[in-house]
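Participant: Construct all of the structure, not just a fragment, from the sequences and the given hints.
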Amino acid sequence: MYKKLALAIAFSPRMEALIAEARKLIQIFEGELILIHVGTKTPELEAQLSEVLSRHCGDLKRIKTIWKEGKPAKTILKTCEEEKVDLLVLGALKKEGLLTYYIGSVARKVIRKSTCSVLTLIEPKIETTHFSKVVINGTELEITPRVIARGLKFCKAEQSTQVHILNEIKLYGFQMATAGEGTEAEVSNTRRKLVQEEINYVQGILDSLEPTDLKINIKVTAGKWVVELVRYCEFIEADLLIMGDEQGLSFIDRLFPHDLEGVLEVLPCNLLIVK
Amino acid sequence: MESLAHNDVINLLLKLATMLLVARIFAEVAQKLKQPAVVGEILAGIILGPTVLGMIGPDFFEFLFRSNPSANLALDGIVQVAVILLLFIAGLEVELHLVWSQGKSAVSISLLGLVVPFVFGFLTPYLFPELFGLTEEKKMLFSLFMGTALSITALPVVVRILMDMNLFKTKMGMVIVAGAMVNDLIGWLIFSVILSFMGKSGNFSLINTVGITLLFTIFMLTIGKGLLNKVLPWTNKKLAWPGGVLSLSMAFCFLAAAFTEWLGIHAIFGAFLFGVALGDSDHLSEKAKEIIHQFINNIFAPLFFVSIGLKINFFTNFDFALVLVILVISFAGKIIGSGYGAFRSGYALKDALAVGFGMNARGAMEIILGLIALENGLIDEKIFVALVVMALVTSMTAAPLMKWALNKKAEETG
Chain A
1 MYKKLALAIA
11 FSPRMEALIA
21 EARKLIQIFE
31 GELILIHVGT
41 KTPELEAQLS
51 EVLSRHCGDL
61 KRIKTIWKEG
71 KPAKTILKTC
81 EEEKVDLLVL
91 GALKKEGLLT
101 YYIGSVARKV
111 IRKSTCSVLT
121 LIEPKIETTH
131 FSKVVINGTE
141 LEITPRVIAR
151 GLKFCKAEQS
161 TQVHILNEIK
171 LYGFQMATAG
181 EGTEAEVSNT
191 RRKLVQEEIN
201 YVQGILDSLE
211 PTDLKINIKV
221 TAGKWVVELV
231 RYCEFIEADL
241 LIMGDEQGLS
251 FIDRLFPHDL
261 EGVLEVLPCN
271 LLIVK
Chain B
1 MESLAHNDVI
11 NLLLKLATML
21 LVARIFAEVA
31 QKLKQPAVVG
41 EILAGIILGP
51 TVLGMIGPDF
61 FEFLFRSNPS
71 ANLALDGIVQ
81 VAVILLLFIA
91 GLEVELHLVW
101 SQGKSAVSIS
111 LLGLVVPFVF
121 GFLTPYLFPE
131 LFGLTEEKKM
141 LFSLFMGTAL
151 SITALPVVVR
161 ILMDMNLFKT
171 KMGMVIVAGA
181 MVNDLIGWLI
191 FSVILSFMGK
201 SGNFSLINTV
211 GITLLFTIFM
221 LTIGKGLLNK
231 VLPWTNKKLA
241 WPGGVLSLSM
251 AFCFLAAAFT
261 EWLGIHAIFG
271 AFLFGVALGD
281 SDHLSEKAKE
291 IIHQFINNIF
301 APLFFVSIGL
311 KINFFTNFDF
321 ALVLVILVIS
331 FAGKIIGSGY
341 GAFRSGYALK
351 DALAVGFGMN
361 ARGAMEIILG
371 LIALENGLID
381 EKIFVALVVM
391 ALVTSMTAAP
401 LMKWALNKKA
411 EETG
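Quick note, the sequences are listed as chains A and B, same order.
Yeah, the first sequence ends on 275 if you go by this note's numbering, and it's all consecutive.
Yeah, the second sequence ends on 414 if you go by this note's numbering, and it's all consecutive.
It is possible that part of the hints are untrue.
Stated by the list, open to error - Derived CB-CB ranges, DEER-like: (1) A:54 - B:241: 56 to 64 Å; (2) A:210 - B:233: 37 to 45 Å; (3) A:125 - B:247: 27 to 35 Å.
Derived by calculation from the structure, the hints in this document are not laboratory data.
Beta carbons: idealized from backbone N, C-alpha and C, even for Gly.
Facilitator: Structural data, given as structure tokens:
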């Protein structure tokens with residue numbers, strides 16, 4: 001599914017781990033790898049990179065390194081478009097001394113504006129990460145059917161052991177309070193109906209896809225879905241969260257907090273944003 | 001501390017029991033007739049009050065509701081608390097993140113649905129003051145009040161209708177709900193400014209009061225919300241559940257209410273804004289919200305709605321011409337405003353009309369607004385009665401009219 005994979009490198013201590021991770025993904029998807037570095041090309045850096053590459057990608061034929069100068073975010077985005085990249089891999093930053101991760105300002109810009117999917121890794125490892133427990137955002141949004149379809153494909157390729165699809169009941173408390181005007185039977189009926197509707201929504205999308213042998217668990221939450229999504233990822237110690245992004249937001253829309261921002265703020269685990 | 005005498009206590013308890021019982025009966029009947037419970041509760045008050053019981057059983061009415069000043073005072077205190085709590089849950093219902101996620105169409109529906117009825121409500125008394133028996137100096141304030149009183153959509157009534165019609169989760173349903181939420185928030189802000197113009201016994205000058213009101217609003221929605229986000233996880237973890245969050249949220253609601261009352265605006269604003277901040281917090285669980293709603297909706301709300309009917313004679317104060325004028329401008333303003341907003345956001349004409357009909361439901365909020373204006377001498381009983389009738393009629397007609405518009409559309413598209 002991801003035939004062209006790009007990795008943005010910055011010669012940080014985690015570069016080697018990121019290259020190893022990208023290498024692993026290339027193997028799964030049988031694609032080609034493009035390394036993008038924004039900065040001046042010097043013989044030392046080149047030597048450093050080729051040494052790391054020889055260790056991890058020695059056998060890789062389809063690999064290309066692009067050196068470009070300019071504004072980091074803009075240059076990365078432009079290169080991805082020129083090269084028709086399907087998936088861009090980035091590393092997140094870690095708060096010093098703490099076990100929390102965050103996304104730097106460059107990465108944030110790239111994630112928002114990128115036209116290809118973006119995978120952000122919080123803790124890249126040289127021995128690579130296996131995305132075994134995956135959470136997919138199943139909240140009713142325009143992009144959700146696509147997110148679930150792409151997400152499941154990813155999980156299949158990665159051979160994930162558990163896939164959780166989360167959907168929310170909007171304004172659950174308010175709806176139940178309103179339903180509270182009915183009799184006890186009516187109230188519990190409404191409660192069941194609210195939950196069932198959300199399960200049906202996800203099930204409907206699953207039914208429209210090819211059957212898989214993945215272990216899929218549909219979970220319904222109440223409350224703000226971004227908060228619930230982050231909480232659930234933390235609770236089950238997920239390896240990967242897959243969600244979509246609203247495209248084409250106007251300037252006015254950008255003024256207000258958006259759902260994606262909430263996740264970027266906390267970053268509970270590795271994050272794949274499907275575009 | 002002074003306390004109620006033996007007889008006062010009996011009288012107070014009898015009042016409360018009668019109010020709750022009759023309210024329950026009428027709420028059930030209203031629901032059987034597919035009407036909002038509020039409609040039944042208000043009718044219960046009219047029947048228990050001077051309008052009906054005062055006519056057919058004046059002695060009993062006198063004994064129950066008029067004979068005991070101390071018990072009346074105690075009841076007034078309870079009703080005051082009920083109003084504050086009603087505004088608290090009205091605030092709790094406003095979910096800003098839902099509004100943002102609906103984007104531009106919600107904002108356009110709600111702003112047009114606010115501005116157009118406001119203009120209608122403002123211009124009618126301003127241009128035809130004799131219709132409302134207004135003096136020149138009261139004209140401006142009264143017109144502002146009328147504009148606000150016609151522009152707030154009753155969110156709980158709307159949600160009920162949408163759920164009954166299975167429209168809640170649709171795009172249209174969400175847009176209507178989000179629109180009504182924005183409406184609520186802005187409507188109350190405007191009214192808080194009007195209240196400070198009325199010059200209730202406050203501690204500050206007019207400009208200061210308006211400034212402090214705005215500052216308090218901004219504070220509650222930013223720093224206040226941030227503080228709640230810090231405190232709530234701790235309360236959820238360390239204190240009893242749901243006891244901890246319930247008693248603390250009530251306590252802070254009353255504190256915020258006391259603060260705004262002290263400012264010279266009204267206690268209800270503090271409660272409303274605290275509700276908005278609390279409802280928008282990430283850590284107030286939906287279960288806790290449901291519990292807060294249930295106990296306020298079923299105990300305090302009926303007491304308040306019944307108390308309206310007890311205060312006023314709806315028969316002698318019923319002015320047909322006035323009721324008609326208010327009904328016409330309220331229907332026209334809201335349906336044209338919200339409908340046009342929806343139409344502009346790309347809804348088909350019949351769908352846009354359905355949005356307008358849905359947003360037309362008015363309820364508790366205009367009644368509370370009217371009551372405050374009545375207590376401050378801004379409006380008289382006749383106008384208050386007309387406002388209550390307007391709230392009843394718009395609430396009762398919203399669902400049938402929406403159904404009609406959508407059926408029409410279904411017929412057309414086959």
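Participant: Of the numbered hints stated previously, which ones are contradicted by the structure, given in increasing order?
Facilitator: 3
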